[in-house]
Amino acid sequence: MVPAGGAAGFIALWWLAVLLRLADPVLLPSPLETFNDTAKSFTQGPLLHDLWRTVTRTVLSFLVACAIGVPLGLLLGAKESIYRAVEFVVDFFRSTPASALFPLFLILFGVGEGTKIAVAAFGAALVILFNAAYGVMNARRTRLLAARVMGASPLRVVFDVMLWEAMPQILVGMRSGVSLALVIVVVAEMFIGSTDGLGQRVIVAQSLFESGLMYGVIFVAGALGYLLNLTFLLLEKRFIHWAGK
Amino acid sequence: MNAISPREAALSVRGLRKAFGGVPVYDGFALDVKRGDILAIFGPNGCGKSTLINMAAGLLPADAGEILYDGRTVDEVRIGYVFQNYREALFPWRRAAENIRYPLRRMGLKRAEIERRLEALAADFRVRFDLNAYPYSLSGGQQQLVSIMRALAVEPEVLFLDEPFSALDYETTLSLRTLLQQVLKARKTTTILVSHDLEESIVLADRILMLTRRPTLVADDIAVDLAWPREAATLSAPDFIAIKARCLDVFTRAVAGA
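Here the protein sequences line up with chains A and B, keeping their order.
Residues in the first sequence are numbered from 1 upward in steps of one, following the numbering used here.
Residues in the second sequence are numbered from 1 upward in steps of one, following the numbering used here.
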């Protein structure tokens, strides 16, 4: 109930600002107008399609990021000497704003779907890789030894122990990774030859002074990010039932 | 201690050498453990008790020397190992029963045989808690019991116990070690116990190996000729007290003789 109260308070303040004419009505439409414009764009306009495109791109880049980040992270974590050697490079690119890499990826992948997904996947993969590697490096030594004593081959130890030991950290990496992927996809939709997606919709709405729709799309993007985060939090709770016990 | 003939030895250690950072812990160490015996290893802190069983279990390489199980290396035999910290040794993502089945699956046993062994162990240890529970929902004693069952499931040629009761309360320790001695003696499992509890070592062992400070040598090798099963009354029996006094005396000299 408390979060709902906070949201209601936010909308009340917004409405108050509109009633008091604190800003030009063209720049700050009322919540009702925003809602109506957004609902209309959902039912009659392209917003549903835009949402779908953004979700697809985010999920696709997240899947690519997992396919690269998880196995590579496990491998690097298992061989700590290798990880120490590449740690700086991983850390460096993890800290580099992915948006700064757009021009490079444009050269590599051209103008199109591939570039958006590749940049987002690149950013998310590094986060996931980093977390997976740390998860493995912090695996309980006793459990690895226990598996060895019970006759598990080195490959078995990786899949039966290391992967599970790293799982809580991998899911943390996935949660940050999917959020980052969404951020990059939305920015890419704004600037890398797009005709659809939430990023494209928000910048088009802005340039056409459809500010009701612009705010609406921002909230839709926010809700999407929030839901993705929540999904992974619930997954962590559900799936990593042994964590902290 | 009577000499152990090669045919009787489940485990033979010869010329063992191990140094950490240039400081020798073992330098020409030898040991024979008779099949079916429970051997307790007792000594001052840092004398390398755990190091010895870790080398024997193949978890730590020796610098030199040989450790053979009836002529075979550790890779060629089945062993069991119970770690001190059950919380970090069990797999919390697997149910208790799945933890016990794990080494049996690694051996490639048939499902029916795996279940037979699991049920036999549950009966031997009179398990009354739910083996389908996850380890973290069990008590410390139950978790360590699951660890012991997991180690015994493979029917090991030698079972290693590394301070198995040190994280448990006294009441739990008493009941668990009563159960353990019954099962080990019934199954005739050769066992090496590392403990820092003298009473526990004497109660559980056929033989106690007293070690010195490093470089580690055998300070004394004491046969424990107390009748089985050993119960609460054993702890106040004159024989028990005599052995304990001898051990304490050796221990004090071993520590002082550094």
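Treat the hints as calculated values from the structure; they're not laboratory data.
Don't take every hint at face value.
Calculated Cβ distances over 10 Å to all of chain A for the following chain B residues [unchecked claim]:
#	residue
1	80
2	106
3	137
4	150
DEER-style ranges, computed between Cβ atoms [stated by the list, open to error]:
#	chain 1	residue 1	chain 2	residue 2	range
5	A	154	B	139	31 to 37 Å
6	A	225	B	175	27 to 33 Å
7	B	35	A	141	47 to 53 Å
8	A	111	B	106	28 to 34 Å
9	A	140	B	111	27 to 33 Å
10	B	196	A	81	31 to 37 Å
11	B	45	A	141	18 to 24 Å
12	B	179	A	89	52 to 58 Å
13	A	226	B	130	46 to 52 Å
14	B	130	A	92	48 to 54 Å
15	A	140	B	35	32 to 38 Å
16	B	106	A	245	42 to 48 Å
Ideal Cβ positions, reconstructed from N, Cα and C, are used throughout, including at glycine.
Hints versus structure:
{"no.": "1", "hint": "80", "result": "violated (8 Å)"}
{"no.": "2", "hint": "106", "result": "violated (4 Å)"}
{"no.": "3", "hint": "137", "result": "violated (8 Å)"}
{"no.": "4", "hint": "150", "result": "violated (8 Å)"}
{"no.": "5", "hint": "A:154 to B:139: 31 to 37 Å", "result": "holds (34 Å)"}
{"no.": "6", "hint": "A:225 to B:175: 27 to 33 Å", "result": "violated (54 Å)"}
{"no.": "7", "hint": "B:35 to A:141: 47 to 53 Å", "result": "violated (31 Å)"}
{"no.": "8", "hint": "A:111 to B:106: 28 to 34 Å", "result": "violated (53 Å)"}
{"no.": "9", "hint": "A:140 to B:111: 27 to 33 Å", "result": "holds (29 Å)"}
{"no.": "10", "hint": "B:196 to A:81: 31 to 37 Å", "result": "holds (35 Å)"}
{"no.": "11", "hint": "B:45 to A:141: 18 to 24 Å", "result": "holds (20 Å)"}
{"no.": "12", "hint": "B:179 to A:89: 52 to 58 Å", "result": "holds (54 Å)"}
{"no.": "13", "hint": "A:226 to B:130: 46 to 52 Å", "result": "violated (39 Å)"}
{"no.": "14", "hint": "B:130 to A:92: 48 to 54 Å", "result": "holds (50 Å)"}
{"no.": "15", "hint": "A:140 to B:35: 32 to 38 Å", "result": "holds (33 Å)"}
{"no.": "16", "hint": "B:106 to A:245: 42 to 48 Å", "result": "violated (25 Å)"}
Of the numbered hints given earlier, the model fails hints 1, 2, 3, 4, 6, 7, 8, 13 and 16; all others are met.
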